[in-house]
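Novice: Now for the letters of each chain:
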Amino acid sequence: MVEKHKLKVVLLTGRTIEQGVGKELGKITSEYAESVSVCYMDPEDMKKLDIKDGANVQVSTAFGSVVVKAKKSLRAPHPGVIYIPYGPWANVVVDPETHGIGMPTFKGVPATVEPAPDKPVLGLSELLKQQFGKG
Amino acid sequence: MPVVKAVSCPVCGSLCDDIELTIENGEVVKVKNGCAMCEAKFLSHRSEHRIRKPLIRKDGEFVETTLEEAIRRTAEILAEANYPVLYGWSNTSCEAISVGIELAEEVGGVIDNTAVVCHGPSLLSVQDMGIPSCTLGQIRHRADLIIYWGCDPWSAHPRHIERYTAFAEGRFEKSAWRGYMAKIRSLIGLKKIRSAAKRLVLKEPSEIEARLKPTFVPSIAREGRKLIVVDVRRTKTAEMADFFIQVEPGKDYELLQALRALVRDQELEVDHVAGVPVEYLEEVVDAMVSCDFGALFFGLGLTMGGAKLRNIDAALSLIRDLNMRTKFVIMPMRGHFNVTGANMVFTWQTGYPYAVDFSLGYPRYNPGETSVVDVLLRGESDAALVVASDPVSSFPRKAAEHLARNPLIYVGPHMDVTAQVADVVIPSAFVGIEAPGTAYRMDHVPIPLKKVVDPPEGVLPDEEILRRILSEVRKIKREKTKAEAA
Amino acid sequence: MIVNLYPLKEFKLPVIAECINPEVFKGKSIEEIGRLEVWEGNKQRRLNELFKLEAEEAESSPEAPVITIHGDVSRVRRIGAGMKNGEIVVKGDAGMHLGEEMRDGKITVYGNVLGWAGSMMRGGTIEVHGNAGDYLGAPYRGSTEGMKGGKIIVHGNVGREAGAHMKKGIIKIYGCAGQFVGFRMKGGTIYVQKDCEARVGACMVDGTIIVGGCVESVLPSFTIEGLRKRVKIEEGEVVEAPFYLFTGDLTENGRGRLFVAKGPNPHLSHYEKFL
Amino acid sequence: MELLIRNGFVFDPINGVNGEKMDIAVKDGKIVDKVNESRAKTIDATGMVVMPGGVDIHSHIAGGKVNAGRLLRPEDHFKDVERKTAVTRSGVGYSIPSTFTTGYRYARMGWTTVMDPAMPPLEAKHTHEELSDTPIIDKASYPLLGDWWFVLEYLRDGKIEECARHVAWMIKATKGYAIKVVNPGGLEAWGYGRNVESLDDPVPCFGITPREIIRGLCKVNKLLHLPHTIHLHTNNLGKPGNYLTALETMRCVEDLAENGKPVIHITHCQFCAFKGDDWRTFQSGAEEIANYVNAHSHVTLDMGQVIFTDTTTMTADGPFQYTLYTLTGNKWTNHDVETETSAGIVPFHYKRKSYVHATQWSIGLELALLIKDPWKIMMTTDHPNGGPFTAYPRIIAWLMSRKAREATLRKINPKARSRSLLPSISRELDFYEIAIVTRAGQAKALGLKNKGHLGVGADADIAIYNFNPETMDPAKNYRAVRRAFKRAAYTIKGGQVVVKDGEVLKHMDGATMWLDVQLCEPCEIELNENLKRRFKEYWTVEFENYPVSEDYLAVSHPIPVKADV
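Protein chains in written order, with the working numbering: chain A, 2 to 136; chain B, 49 to 534; chain C, 100 to 374; chain D, 103 to 667.
Honestly, I wouldn't trust all of these hints.
List of simulated lysine-lysine pairs, BS3-like, C-alpha gap at most 25 Å [stated by the list, open to error]:
#1 C/Lys285 x D/Lys453
#2 D/Lys186 x B/Lys530
#3 D/Lys181 x D/Lys453
#4 C/Lys250 x B/Lys525
#5 D/Lys186 x B/Lys222
#6 C/Lys250 x C/Lys285
#7 C/Lys328 x C/Lys271
Since the hints were derived computationally from the structure, they do not count as laboratory data.
Here chain A stands alone, though its shape is the one from the complex (with noise of 0.2 Å):
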């Protein structure tokens, strides 16, 4: 599995409660940010990948690429498993596929998870730009 440091996984979008929180906080809060681009990973998953919590990772799919900060899962262990909160760094990466119903896929898709020490994780604005050339 693991390839020049480099981890195959499943990933998986979702509901945190700290990410609740930060909505309703208001989306240009720190607290939102920083609970959205994160990555919750196996410890043993990053054991493998040789990094500590708080490391800056690459997530990649067949629809984009994000940097993001790993984060020790406390509901492990699901191996293989990588989860990122809902929000718009996990848009870029989940698969818009909607299988002629109208929901994209943001569960299951495949994914590589890289150390990624150089890159940084961008702010929202930052990250905005970069996607869409506005905000």
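Assemble the complex: chain A is given as a structure, and chains B, C and D must be docked to it using the hints.
Specialist: Chains B, C and D only, in chain A's frame:
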């Protein structure tokens, strides 16, 4: 200090209506009975991130403008559009949604609500199967078996368990809270005994385990309400459960169909389904068919991946099957506080719960074709009005891109992500804090929302803003007809 | 008569044009055809505002006109919807609901076609040389009235739920198929020459599904019945290969037949112990 | 605004007017003696039938259950659409039309007052939101009270007056119009997936029987002086042999009648007039029911006529709907409401060739024709249970024309045809009787003083149909009857012309009527304290969030009622 009681919380689909707010100088200063999200929401109306003045993008930058100008611009964009999208609606009142539908009809647009990216697939399957369900009080009074599947109420609906299910006090079923506390205590005790045994007796660990086990009967055999959680991760809710089934990501459909076969007393020709041993499943099925009243709640874990809508098809079929044996109900855990209301108003006015296309002058519905994400992905729309929602933070990038590329109007209280890439931004009052209205709880019970404080000066409720846009659109259309006639 | 349609522009908005139907064109002059109503977004237009129309007399004059569309009409929906005779040829991609509720006649697409092609079809033939979208031959939302007859041939891949609720007729897919092929089908035949995503035949009650390639998995609610040396798809088309025969779906007390080629599916060999 | 309708054949049974050629004058939304002929707008109704606007005593048009039905059935809507016009909103049909379309379609047929018969109290706001979005027609709704825990407990304890006070509070809180009882006791039992099977079957956990509930609520109804009787959907509905339950139900309140006035309304009676032990031996029990009703005066009925079509069944009778689902395997929605009631929805196709369905069709018409006094039986389809209300013109034709009945009889299941009583019934209703079964009788049973007639002071709700009874015989020209009732020549609502030649001219709000039940004063506070105490135990919403405020009614029309308690 005035205290307002019985306030409904405009956050999640549980719509707790027992919140007590303390108001001081026209501001909410204290929130009682609410969860963390509730507190954050009620305190956020004073946030510095509020939008206070309408904004229009000029040469790529926002400039402040008057409400009249912002509404005029909005109306022009919508009246000129050949295929506009009107999206959002789940965080506002039914009264505002009603005006939104009239506006969509007037401009011949596609109107869609956030169900499309949460429980839209559930609605599609309900349209195939129907849904045996009930109000939450029925579960509180009667359910002796509660299943949460692909949802984590502890994080997303924090008071759901205490108000409506396992830890609620009902007429025929009592709260399982005490049993749960006893379990926690015994687990802590068990840990202590274990470490003490290790230190003092120095026996083989397996021997200690063997001695300890018999006193801790598998809790699924225990009397009273039982809680089963099915999820891909061991969530907080899963930790409270009597029985936790960790399903392989994307394999819920197989698990549900296997349960159905077992409920029908059929044998399976496999040992494991979705990573779960079939013997475990048999135990779970026993608990299901032997309960007096079971309730299955499901979340986005079932709708957003894998078999998507057909996960729900299987879940609904499972409940149909179970009703041949006992009483069983099922309910989606609706996210936004009024997404159910949006579905309701859409349905009574147009016949369909979401993804309604008015471009031919009458309601048409076919998610996949008329749903907003697909319309955006195919690049068909030429303008968008977003009300009470934040699609740029919830849609896949490619869909959000098309929104941002075309004229985009945002109506809402906060400088949301969508607002930041919009062309016209109209600030609105917080529904349920600064404006009254009606919202529907996840079980379709309508709950009134209160106005407890005034909105900032000059900021109107969504309903009023939409009315003004609608009348401006009609004015523009009249002007145009006149000009054409002349 | 042959009527040639040339799109006048690259369509950005959805176009609803169920008037593109030999039955409707029949007996009309090219001017009259040009005046037929279509919708582009929320504006009503005439067919000749969107297409250049040309008529040519065919050598042998068939009863109903032949309509040929030259170019990309992937935004144009409901082409040939409800058609009862005649022929439509699309030289390019076609939009959603192609040949919906079609009763007879023929539609050929030399490109891809989007979702709901042949939805609720009763008869006639649709042949697609490229890929087809989701819900091929499937019913409208909430309805259980699937395909009741006719034939659909797709030479490329298809999306999800091909042949859902099918009662009669045949669907042949010479590429790969997405999830839920033959979902809740009650009769008829579906053939997938190549690979199939998971949940083939879910909740099927009757009918036949034949998969020549690899299936991701067979649902636990199917039971193995035996091995077959060959399977007949339709008159004159037989696939020679050992096939596992499963029946299901048990959850619906179904007796649908699911043939899965043995060769490409070694992961199913554990079923052989039940034979 | 003044209006003069000239020279029509007027059928106004409440005032004894039977087809006389006369003028009807309207001023400020009311019928008046005369108007200034030079100022008034004139409608020439020469050669046309003039009747009061239609009244429907039982039609599921709004609320949670109806909307769940709409949501359930996109395939019911997508081929029956209404395009937006300069004056009207768009919408869809067929069996469960969207709200705007519901209002327009009723108005097009000349109906102006419709009662929604099943409102779960907890979800009353929903019903009212939809009613307010149903244009043109006036309407009201009946709260479901037969399985409400308060009612079960008070009646069990013999506290009729306490019960009456709480029912009064509930009617006001829900802005309701009458006491609706559905499968009494059965809905509470359905909470655990069970049912009750006879009038004396005890309700699990409550120690009360259906008989006690029915009698108790009849007494409550009298104590409160409500304008309508209790509105009852019987136990065992939809089961072979249930005509006996229906007869027993009617008998069980015989002694409560006073002065020959009705005390009970048995709704959609067709569904509880089944004879036989099972579906094979199933047959009509209409004759027995009709004989009983002909001999007694304390009962009114409505038909619940079946139409051969694909429709959507929906009732508060959860266990019945479950049975229907197990019979058909169709989609099934169930919605139990805590402390109060339940609901179920199953799509259903009535087929001509089915013995049972064809017999059901026959039963409805047999009831209407065998019951001699038209004031006792009202025309309904229990919309959409027997079929959509848009089928009324066809039912009118069957009632008026033996020829129309025979035309349909020829096409139905032969066994059903041979057993049907219809061939032996020669009765053909005339326009006077049709006016009774479609408006006057319904208004009278509902106690609506200003509806269902054209006397001075009545609401100016008028329907004009293009059929000349002088030159045409409806029994022979039943197709013309159908056409006339399908598209009214004029519908006048509150003095305004809203429909002309079957086209809607105006989108306007209709009123929502509700009973402002006034109790003897001191008990109100006591009542509230009592309710508050039990609220947290029984419901999952707060006491003050429960009642429907008047803001929910687009046009609120309270009707004061003075109670005896």
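Novice: Please flag the earlier hints that this structure goes against, numbers listed from lowest up.
Specialist: Checked against the structure, the hints that fail are numbers 4, 5, while the rest are satisfied.
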